[in-house]
Structures are given as C-alpha cells and as structure tokens.
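Could you slot chain B onto chain A? The hints should help.
As you go down the protein sequences, you meet chains A and B in turn. For reference, each letter of the first sequence is one residue, going 1 to 319 in the working numbering. For reference, each letter of the second sequence is one residue, going 1 to 276 in the working numbering.
The set of hints was computed from the structure by calculation and includes no laboratory data. As the structure is a prediction and not an experimental result, all values here were calculated from the model. Mixed in with the good hints, there may be bad ones.
To be verified - Beyond 10 Å from chain B on every Cβ pair, some chain A residues (computed):
hint	residue
1	His127
2	Ala134
3	Leu161
4	Asp239
5	Glu274
6	Tyr301
7	Leu316
Unchecked claim - For the chain B half of the interface with chain A, some residues (derived, Cβ under 8 Å), not all of them:
hint	residue
8	Cys118
9	His124
10	Ser158
11	Glu161
12	Ala162
13	Ala204
By construction, the Cβ of each residue, glycine as well, lies at the ideal position given by its N, Cα and C atoms.
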Amino acid sequence: MNAPNDWRARAANQTRLAYGQALLELGARESRTVVVSADTQDLLGIRPYIERYRHRFVEMGIAEQNAIGAASGLATTGLRPYVCAYAPFITARSMEQVRNDVAYANQRVVIGAAASGISLGVAGGTHHALEDLALMRSLPNMTVIVPADAEEAYAATLATLDIDGPVYMRLGGRVEEPPLNSEPFRLGRAAQLRAGNDLTVIACGALVEMSVRASDELRKDGIHVRVLNMHTIKPLDRDTILAAAAETRGIVTAEEHHLTGGLGGAVAELLAVEHPTRMRMIGMPDEFAVVGPTTKIRAKYGMSAEAIANACRSLLNHG
Amino acid sequence: MTESRGALIKRLEGQARQIRRNVWRALRAGGSGHAGGSCSAADILAALYFHRMRVRPKEPEWPDRDRFVLSKGHANAALGAVLAQAGFIDDSVLDRFYGYESPFGMHPDIKVAGVEMCTGALGHGLAIAMGMALGARMQAQDFHTFVMIGDGELHEGSNWEAALAASHYKLANLTAIIDYNKIAQSGPISELIEVGPLADKWRAFGWEVREIDGHDMVQVADALGALPFNNARPSALIAHTIKGKGVSFAENTYVWHSNNVTDEIYAKALAELGEP
Chain A
1 MNAPNDWRAR
11 AANQTRLAYG
21 QALLELGARE
31 SRTVVVSADT
41 QDLLGIRPYI
51 ERYRHRFVEM
61 GIAEQNAIGA
71 ASGLATTGLR
81 PYVCAYAPFI
91 TARSMEQVRN
101 DVAYANQRVV
111 IGAAASGISL
121 GVAGGTHHAL
131 EDLALMRSLP
141 NMTVIVPADA
151 EEAYAATLAT
161 LDIDGPVYMR
171 LGGRVEEPPL
181 NSEPFRLGRA
191 AQLRAGNDLT
201 VIACGALVEM
211 SVRASDELRK
221 DGIHVRVLNM
231 HTIKPLDRDT
241 ILAAAAETRG
251 IVTAEEHHLT
261 GGLGGAVAEL
271 LAVEHPTRMR
281 MIGMPDEFAV
291 VGPTTKIRAK
301 YGMSAEAIAN
311 ACRSLLNHG
Chain B
1 MTESRGALIK
11 RLEGQARQIR
21 RNVWRALRAG
31 GSGHAGGSCS
41 AADILAALYF
51 HRMRVRPKEP
61 EWPDRDRFVL
71 SKGHANAALG
81 AVLAQAGFID
91 DSVLDRFYGY
101 ESPFGMHPDI
111 KVAGVEMCTG
121 ALGHGLAIAM
131 GMALGARMQA
141 QDFHTFVMIG
151 DGELHEGSNW
161 EAALAASHYK
171 LANLTAIIDY
181 NKIAQSGPIS
191 ELIEVGPLAD
201 KWRAFGWEVR
211 EIDGHDMVQV
221 ADALGALPFN
231 NARPSALIAH
241 TIKGKGVSFA
251 ENTYVWHSNN
261 VTDEIYAKAL
271 AELGEP
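Okay, chain B solo, but in the shape it has when bound:
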C-alpha cells in the first residue's frame, strides 16, 4: 500500500516531534546538553531517516547504505533519538546518556551502530563526507552521502577546503545540509562573525543550492526528494531553522545552545511538545 503524500507528511511530523521529545529525555538523563541545535535539526533528521535515506537499521554496516555525517556533532541527542526510533540502537539508551563508559556522550562516536564518524570538533564533517562520496564513486557504489553542518560551524575554514574539492570533483552524490538556526554558543552568529549570504557563497563554490524552511515538512521532504539538485554538482540545502524549535523557552536563545536540563524543565518541555 502506497502512503499518500498527506499521510507521509503527517507521519514525518509526528516522528520529528518524537525526536524532540527524546532529545529532552536524553538530555534529562545526562543532566545537561545541546537542546537548541538538536531541536533545530529534528525535522530534517526525521525526513532523512524515515523517508529519504536508504538504510537497514538491523544491518548498520550494509555497504550500500546511504551515509549521514552529523558534522555539528553537539546535536548528538537528536542523532541518538533518530537512531533509536529507527531501530539501530535500543531505545533505552536515551535514558543512559553520558553514562560512565557509555558510547553516548555529548558527541557522536562510531562505536554506536549507525553513527558513521566521530564528530563534534567542528569543521570536520564535510571533508569526511566528501571522502565517502569519492569512495562511492571509485567503487561504483550508488549510495548518497549527507552531511549536516551548523551555520556557526561554517566559521571553520576547513569547510571551505572541502567545498572546493567536492565541487571540483562534481560530487552529485554528496549533499550538505546547513542547519541555519543563526545562533551559536555565545550569541547571534551575525554578531560573532557573519556567515551570510550563504546561498551566494555555496553557489560561488560551485554547488547547486536550495533554501527551505527547515521546519515545514512539505518543503523538507520535497527538497530531499529532489536530490541531487544537479547531476554535475554537489547539492547544498540551506534549511532556515529555529534554535530550540518546539519549546517556547528554548527557542531563539543562545542560552539553550547548551544548558542544564532538570526534571522540572523536562516536564515543561514535554508539556509543550505534546504527543508524537
């Protein structure tokens, strides 16, 4: 039975809500963490893992799987949530974040099934994903590689080295998704070091660019479904998002880049997020 478009969007929206609920759950278990950047990424992660990407959760090393690299690794709670919801890992790990000797710290680790690379030191993911896309081409494999980059992370010059190379090698099997929530750890990115105009920059580097509202699931699903945007270029999807999306007290404030999560805060967040 084919899922109708309306049903697909409704399902993905529910799965994104569940990612957010699980983000707060994991951060409560850890006592603190990066709620803001995890929640801004939730809709895109839902659409990637539950709609666009070719993965086998019970066979995480399947060679033909699509790759996803979370370059903005501080959003690890969202990655853990989506991997648990998809069945890569046991759901109970979300109650054991930051546990002693746990592979679930603040940042992704390849010890976890479904995590493709250790990230969180910013500015690494695009080069790694570009290597994965090159590796696919060299071995005539047709998997697609996705990398999610934070906008503040674009301060790191290593991104632009990789952007040059991906364009030079015309890696149409590579997509960079910019989670453009416009707020970094210390405040608005425009007040730290401006990164815009982003679309112009990526186009100038030879990428095919689209901009969307990263919380409008119709736009997210359509954009991911249209990949590659150009058969001779890597794709850049600039997703305008809201830091801390879904919980009023966390939205659009740098305070929630990383913050303590008490039982009380968790209860307030869950009350706002509602049921999946």
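Chain A on its own, in the form it takes in the complex:
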C-alpha cells in the first residue's frame, strides 16, 4: 500500500517523518502500539499520531535513559513501544538501558533514531551520530535497520510488526524522489538497485543514492557496478554479500558512519572469514567531524558519489 502524502511534501530529512507517519498506520493496525517520545514530537512528525491515539502516547521529556527503561517496562505488559528520539542520545547516552533493559531482556521495543549520521551537520560534533551502528549491532537480539529513503523508512517501520525482539531504526536518509527501490522492502534481504559484475557497492542509508550515482557514472566508462542497498545491517544478508564477492572483482562499502564498526565492518567481518575479498570502505575516518552543512561535511570526508566512484576505480586498477 502507498504511504500517505503529507510527509513527502516536507523539506528535509524525510525518513524521520516517514517513521512518524508509519506509526499512525501502526496505531490503526495494532492496538498495542504505544509511542514514547523524548521531546521529539515534531522531529519525528508524530503529532497526527498523538491527536488520534493520545491514550497510547507518553512524553518522557529530555530523558533518554528513562524513555528506554519505560519502553522496556511497557513492553513487559504486552504493549508494543515505539521510541522517538535523537540518534546520538538514544544510543550513546542510554546505551546501558538499551543493552540491559531492551536487548538483554529481549523486549519488543523499536527505537526510532532521528538525526543520525551528520544529518545535523551544523549542530556540531556533539550532535553527530557516527558510532550508533557500531553500538547497536554489537548487541545480541537487536535488529538494525537503516532506511535509504522515506518510502523505505515507512515500509521498514511497518515491517517491525513481525519482529519478535528489539529494533534499532536509523533515520536520516535521502530527501529527493523518486524512491530508490523498485522492489518491496524485505527485512534482512538487500535490494539490488543496479546490476553489474565488475564490482559491487554495498551501501546503506544516505549513501545508497550516491552509490547509484557512482554506478551510473562508471557505466559511462564501461564499468558495470552492482549496487546493493543493505538496509538491514543486522541480521546481515550473508547470501547476497557472498554471491557478490564470488561474482564480482571487489567490494566497496559506503555509509555515513565511522569506518569502525558499521556496515563496512560488518561486511568485512563476514568476508574475512567466509570469502576474503578486495575491499574499499567509504565512511567517516577516525575523527570527529567539523561543523557545517551536511553535504559539505560528506564531501570533506569522502562520503560522496565521486569518492565512491574513485574507490571503485582504485579497486579495479590496483586490486
């Protein structure tokens, strides 16, 4: 089914609004849905949900540890909590609550984390979330999803209905239309956006679109790059990655996250053991990012279509 349109018209960072809009749909589909906000009612666009389902909404204020603990307690009573929060704070600040109260206790809590990566570029380093995937994917029981655009965020949020355990949903992706994926969202199964047998680019979130652009650019030079949208970081789609490693000459990963512990790390961990493969990794180097517009920060640290294309050329030319 198609998502409602109002969030499509909004200007910025639509995945977070798509999450909020999907909660409205979830409220109708699942009477146990309850939304927990950490002073993020507009950030995730949940005011329509609140108007309709006020009796299944709780505002916890600027208190992320408490929001996660409360969500865990709510889940024990049979409710299905959806947390709305800022990515840097709901992961790092309340990491122990996420680990113990949600992941270790294996509670059905979905964490919607807006403002991930450097989507709040001008807010400065304290507000960049560049280690959240490393933190969340290190937790047993946790499902980790990184939607690449608003359509995918909407579909992925609805798909959490079928997940019997905790979920981290990293929000902060692409703005422009049309949707990147032509296939329906399938949890744990990467979407192939471009075919090709020379190389493979595996990307997530905001860098999926840039990977497509890089692939299209390289095609002009006769280089055929397969592009995989790895929207589910955990559980990782091992089969699709191993097939890419076997069928193409190398793998480039691309993500708006530190090179330590994110998608690239997950792919490298798999391949190092199962199918050692030449790789290049695109992402944030081991430093805190400067202040600035998101697009400029991305370009500075090599998180761009151009950098992805260059990594592909380097891999082909130098192995």
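Frame of chain A, contents of chain B only:
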C-alpha cells in the same frame, strides 16, 4: 478462617527469618555474594510476597499479578529465597547459586519464573517499573507495581528522571521502596555522596512519602497495607534498615556488602538466625 493481626505479624517475621537463612544458604552455595543488602531487604520482601502482593506462584505470567522489580539487583539471593519460599521456583535452586549456565547468578534474570526484569546495573528499576505502571493504566489493568531501590543506587541520576515522570503521570499504582541501610560497597553513603534528606527529596519530586523502620514487621505490614498513600501520586516508602540485619558480624559493615561465605561463616550465621 481469617488470620489475626498478631498471627499475621508472627508469620511474616518467621518468613523473613527464613529468607535470611536462605540468603546465607544460597551464598554459601555460590561461595560469596551480597549478604548485607539481601538481609536488609528481607522483612519487606516477606511482607510483599506473603501479605501484600497479588501473585500466583504457579502461574508466574498471570497478567493481573502485581509486579515487583528488584532494582538493587545485587540482593538477588533474597529475591531467590522469597521466590522459592512462595513456590515460584524449586527450593533446591538455593543450593545451586552461581552454577554453570544457571539462571541464578549474582543478579536477577527474567529467565527465572517470577523475576520481572534483569537488574543489578543500578538505576534502571524505577524507569522500568514506571513503564509497567503506565502500561497497566493504558490497558485498564489494576495491578500495582513495586520497585525496591537501594539508597546508594540513588546516586544514579536515571532514578530522578523516572521520579519526575512517575509524578508527572500521577502514577498512584506505583510504589518505590527505598531500602535505606545507609552503607554502600565502599563505606557509609554519607561519606561517599550523601543522599539525604530522602523524604524531602521524594516529596519535592511530587511523591507521597512515608518513613518506617524496615525491620519492624508491624510498621512494614501497615505501610504496605496503606498503599497507595495518595490516590493522585506515586508512593515512596523509605524503610530505615540495617545492612546485614540478623547476623551480628555482618550488621552495619560495608565489608558485608559482598563477601566470601564459607561453610564456617554459614554455620555461624545460621546459629544466630535461629529457626524460622
């Protein structure tokens, strides 16, 4: 036949003594553990499980049961003891504490029937219990949620986030019991970071507060029977207790926050505790 008040108090006192005996038994099986904070909590746990709380030990997931979260999870030996005495779990587990692959480690785990949440990392229980109380209200369930918090645990700021929210949402179906034994792992709490005046703090956060002697079973039973203290506020019960209560060498000393428990120490403790 209705139990007389005198008989009730006498029964609960005996059950609390049995909790203490079983605490030392479990810690002997484990070889070490948190005797001090387990024994300070024993009287309150007895009154909760054998008098105040609505539970079905043979149906631990019964949706209408009252909830108890042991936020000061290091008192797990006392929780294990009361769950065994109430019939949630087999009594023999008290002889297998810390066993390999056992769900009975130093801290509570929801794998154990009757344990509502994995705790022991301090400062988590109140937020979780507050979520349970909210969940009850949202689903029009009338169960009550209790959470036992250590006084040293109140150093953790997360408690005060949850205290704010519980007050804001007027959760009269939530009770925080502070096991105020005044000693933490490294020494007296007043010498680490003072937490008092506790009653004033909880009142300032919008809670209805009562203070009792947490080892006087009449006061404990009366206070728990009077809940909620206010129909528009969460309740805070500050129970003044003695760390290591019941065994002279363990009382009021931080050494017994956690310590080794040999067969010899176990025998000395049991000799002091007497029969249930």
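These are the hints, each one checked on the structure:
{"no.": "1", "hint": "His127", "result": "holds, 20 Å"}
{"no.": "2", "hint": "Ala134", "result": "holds, 21 Å"}
{"no.": "3", "hint": "Leu161", "result": "holds, 19 Å"}
{"no.": "4", "hint": "Asp239", "result": "holds, 32 Å"}
{"no.": "5", "hint": "Glu274", "result": "holds, 29 Å"}
{"no.": "6", "hint": "Tyr301", "result": "holds, 34 Å"}
{"no.": "7", "hint": "Leu316", "result": "holds, 49 Å"}
{"no.": "8", "hint": "Cys118", "result": "holds, 5 Å"}
{"no.": "9", "hint": "His124", "result": "holds, 6 Å"}
{"no.": "10", "hint": "Ser158", "result": "holds, 4 Å"}
{"no.": "11", "hint": "Glu161", "result": "holds, 4 Å"}
{"no.": "12", "hint": "Ala162", "result": "holds, 5 Å"}
{"no.": "13", "hint": "Ala204", "result": "violated, 17 Å"}
Hint 13 from the earlier list is the only one contradicted by this structure; the remaining hints agree with it.
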